[in-house]
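Novice: Take a look at the letters that make up each chain.
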Amino acid sequence: MKHLIRLSITLWFALFLRTVGAADLQVFACEPEWAALTKELAGTHAQITTATTARQDPHHIQARPSLIARLRRADLAVCTGAGLETGWLPMLQRQSGNAQVQTGRPGLFEAAMQVTRLEVPESVDRTQGDVHPEGNPHVQTDPRRIAQIAVALSARLKQLDPAHGNDYDARLADFSRRWSTAIQRWEQQAEPLRGQRVVVHHKSWVYLFDWLGLQEAGQLETKPGVPPSAGHLAELKAELSARPALMVIRAAYQDARADEWLARETGIAAVELPFTVGGSEAAKDLFGLFDVTLSRLLQVPQ
Amino acid sequence: MKCGKLLFAACAALPAFAQAADTGFNPNIALILSGTYGDFESDPEAYALPGFPLAEETGPGEEGFSLGESELSLSANIDPDWYGLLTVALTGEGSAEVENAFVQTTGLGNGLTLRAGRFFSGIGYLNEQHAHAWDFVDAPLVYRAMLGNQLGDDGVQARWLAPTDLFLEFSAEWLRGEGFPAGGGDNDGRGSWSAFFHLGDDLNESHSWRAGLSYLSAKSAERETASEYGEDLFSGDSDLIIADFVWKWAPEGNGYERNFKLQAEYIQRQDEGEFTPAETDTLPLDVTSDGWYVQAIYQFVHGWRVGLRHSRLKADEPGAAYAGTVLDTQGHDPSVNTLMVDYSNSEYSRLRLQFSRDESTAESDNQWLLQYQMSLGAHGAHSY
Numbered sequence: 027m028k029h030l031i032r033l034s035i036t037l038w039f040a041l042f043l044r045t046v047g048a049a050d051l052q053v054f055a056c057e058p059e060w061a062a063l064t065k066e067l068a069g070t071h072a073q074i075t076t077a078t079t080a081r082q083d084p085h086h087i088q089a090r091p092s093l094i095a096r097l098r099r100a101d102l103a104v105c106t107g108a109g110l111e112t113g114w115l116p117m118l119q120r121q122s123g124n125a126q127v128q129t130g131r132p133g134l135f136e137a138a139m140q141v142t143r144l145e146v147p148e149s150v151d152r153t154q155g156d157v158h159p160e161g162n163p164h165v166q167t168d169p170r171r172i173a174q175i176a177v178a179l180s181a182r183l184k185q186l187d188p189a190h191g192n193d194y195d196a197r198l199a200d201f202s203r204r205w206s207t208a209i210q211r212w213e214q215q216a217e218p219l220r221g222q223r224v225v226v227h228h229k230s231w232v233y234l235f236d237w238l239g240l241q242e243a244g245q246l247e248t249k250p251g252v253p254p255s256a257g258h259l260a261e262l263k264a265e266l267s268a269r270p271a272l273m274v275i276r277a278a279y280q281d282a283r284a285d286e287w288l289a290r291e292t293g294i295a296a297v298e299l300p301f302t303v304g305g306s307e308a309a310k311d312l313f314g315l316f317d318v319t320l321s322r323l324l325q326v327p328q
Numbered sequence: 002m003k004c005g006k007l008l009f010a011a012c013a014a015l016p017a018f019a020q021a022a023d024t025g026f027n028p029n030i031a032l033i034l035s036g037t038y039g040d041f042e043s044d045p046e047a048y049a050l051p052g053f054p055l056a057e058e059t060g061p062g063e064e065g066f067s068l069g070e071s072e073l074s075l076s077a078n079i080d081p082d083w084y085g086l087l088t089v090a091l092t093g094e095g096s097a098e099v100e101n102a103f104v105q106t107t108g109l110g111n112g113l114t115l116r117a118g119r120f121f122s123g124i125g126y127l128n129e130q131h132a133h134a135w136d137f138v139d140a141p142l143v144y145r146a147m148l149g150n151q152l153g154d155d156g157v158q159a160r161w162l163a164p165t166d167l168f169l170e171f172s173a174e175w176l177r178g179e180g181f182p183a184g185g186g187d188n189d190g191r192g193s194w195s196a197f198f199h200l201g202d203d204l205n206e207s208h209s210w211r212a213g214l215s216y217l218s219a220k221s222a223e224r225e226t227a228s229e230y231g232e233d234l235f236s237g238d239s240d241l242i243i244a245d246f247v248w249k250w251a252p253e254g255n256g257y258e259r260n261f262k263l264q265a266e267y268i269q270r271q272d273e274g275e276f277t278p279a280e281t282d283t284l285p286l287d288v289t290s291d292g293w294y295v296q297a298i299y300q301f302v303h304g305w306r307v308g309l310r311h312s313r314l315k316a317d318e319p320g321a322a323y324a325g326t327v328l329d330t331q332g333h334d335p336s337v338n339t340l341m342v343d344y345s346n347s348e349y350s351r352l353r354l355q356f357s358r359d360e361s362t363a364e365s366d367n368q369w370l371l372q373y374q375m376s377l378g379a380h381g382a383h384s385y
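Protein chains in written order, with my numbering: chain H, 27 to 328; chain L, 2 to 385.
Everything labelled a hint here was simulated from the structure, so no lab data went into it.
A hint or two may mislead.
[Claimed, not checked] A partial selection of chain L residues facing chain H, derived with a Cβ cut-off under 7 Å:
| # | residue |
| --- | --- |
| 1 | G110 |
| 2 | A159 |
| 3 | L162 |
| 4 | P164 |
| 5 | S209 |
| 6 | A212 |
| 7 | W250 |
| 8 | Y257 |
| 9 | E258 |
Heads up, the beta-carbon is just placed ideally off N, CA and C, and yes, glycines get one too.
Using the sequences and the accompanying hints, generate a full structural model.
Specialist: The following block contains the structure:
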């Protein structure tokens, strides 16, 4: 009996120490793109857990017990914010018993709130669908905004882990150099896309369009978050026959059927983009994400 | 903004990147509008469950048109350390009733959360969820009999979440003792307490689960319940044990198109004390009754779900002296089978049709319910 008690106490502490003492910072990333960015900026100083995958819709995530348990131990939660996780993150925060990751604390980093957001509505009316009062949250489709977010995130990492401040500075400088070189390359590649008309599945791409100068030729969803309807698709088809578009794009997690129907009916290309890290095999990190995005957009004959 | 062609540092220093003001409302306002249309073979006003004294408003529903669980919620983070919520439920009779009004810590850390005020007890799985988050119009039969549909009370709650990979949560509550199966606020308004723990995890990306075990001690001081025979009184102790389990599936964790949920709960209740059936003398009582339900919900295409629920009760025989009273089991084990289908036009609106084959008594009843549920204002984040 004594043995058993000693064993269970040892096990308990082993469990505790493993989860508390492993890395300098425990980071809970709401989406894969922020896990990838944190990895670029923190290297081995952060142990990162990612709450969602590229196959999941970050608007609709269950507040699962496993996520609560992971947030409970986090020093820093890196999320998109701007209302994207409003259906699940507040529940995780309240159930986690973790003071550090509450809204307003340094332990919660909201990426979208670090940059200028587009589509900030003048009024929020649900007849317009799932619109966010803070504006469109899908900022990770613009690498220029990721560059700005990197600066703010690095500062936050330094604030929470001042002992490794120099490392964070060095990693930010290195990432920024590689990133701006990559942006230049992508912008040159994307030159033929400028001014092209593209249909979107959901309003996920406004920042990508802002960056590359693409024109939105319509969306498949009737309203943001409201699935495509037959009537709306027929209208869109008629519009496109009058004013053609180059392609229809969707994120890896979205249902392809409406996109493929439109592609068949109008002869435009249906393109799946990774949307985040892990959304395709080659999109292993942030660089891969934009390499794949650009190459898929450019595959469509201009 | 051609940042990519600018130097990185210059790009990052543009003034527009300052934190924008949060344009959300404070506090968050969420309004649930709900209503039902019911069609029953037997008069629901005369509903009885042999062997079980029933709390108020615990029948199968209202016949015809009626306002369901419409409710208004205000919630907000009060300051960095506190969160507060008020939910006022509008009953069919047009009165308003405070369903939840509590404050909760967010700043204690170390996995600890304290709550004080009026709230739904965290025992079991379904009990803590608001009616609009239920998958059926009504609570399962076993909740109707054992918890008066749902146990809400005034008191305090403490939760502690272990710092482990496995979700492991220990909780306890100390309550006033007004919420059924307690009654009368015994022990000077400290009549009930509970303890429960939950564990849960993901099996992989597609499968997740949570299991729980709860204990509730509820004291009653002249608890009043009404039945077809008149008013009954109970003074004594009720001890409940609840085991609950829920398992959810969504392909690769993406439940947008298809998802599945299986949930089951078992409740055992021992009532020991003195019972005064209507127009009868007080009698000693010691009965242990139990019951369970199991339900499955399947979303087969975006917006459309079907559900099946079976719930069953077994009342203990209280003895010959109770013949002809509300506690007389009439040798019948009550059960209900329920089928539902619902459609959501968006995540804010839902229409539901439900059919129940109710065998609460030896005479079975076919019950149809049509319900709308609309959510206005802030998205409420739903618990697992």
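Novice: Hint by hint, say whether it matches the structure.
Specialist: Do the hints match the structure? See the list:
Hint status for G110 (chain L): holds, given a least beta-carbon distance of 4 Å to chain H, under 7 Å. At its closest, the beta carbon of A159 (chain L) sits 10 Å from a beta carbon of chain H; the interface hint therefore is violated under the 7 Å criterion. Below 7 Å, beta-carbon pairs count as interface contacts, and L162 (chain L) has one with chain H at about 5 Å; its hint therefore holds. The closest approach between the C-beta of P164 (chain L) and any C-beta of chain H is roughly 5 Å, which is under the 7 Å cut-off, so the hint is satisfied.
Because the beta carbon of S209 (chain L) sits about 5 Å from the nearest beta carbon in chain H, less than 7 Å, this interface hint is met. Hint on A212 (chain L) is violated. Least Cβ distance to chain H is approximately 9 Å, over the 7 Å limit. Evaluation of the W250 (chain L) hint against chain H yields a violated restraint, the C-beta minimum of about 11 Å exceeding 7 Å. The interface hint given for Y257 (chain L) is met, as the beta carbon of that residue sits about 6 Å from the closest beta carbon of chain H, less than 7 Å.
A distance limit of 7 Å between C-beta atoms decides the matter here; for E258 (chain L) the minimum to chain H is near 6 Å, and the interface restraint holds.
In summary, the numbered hints that this structure violates are 2, 6, 7.
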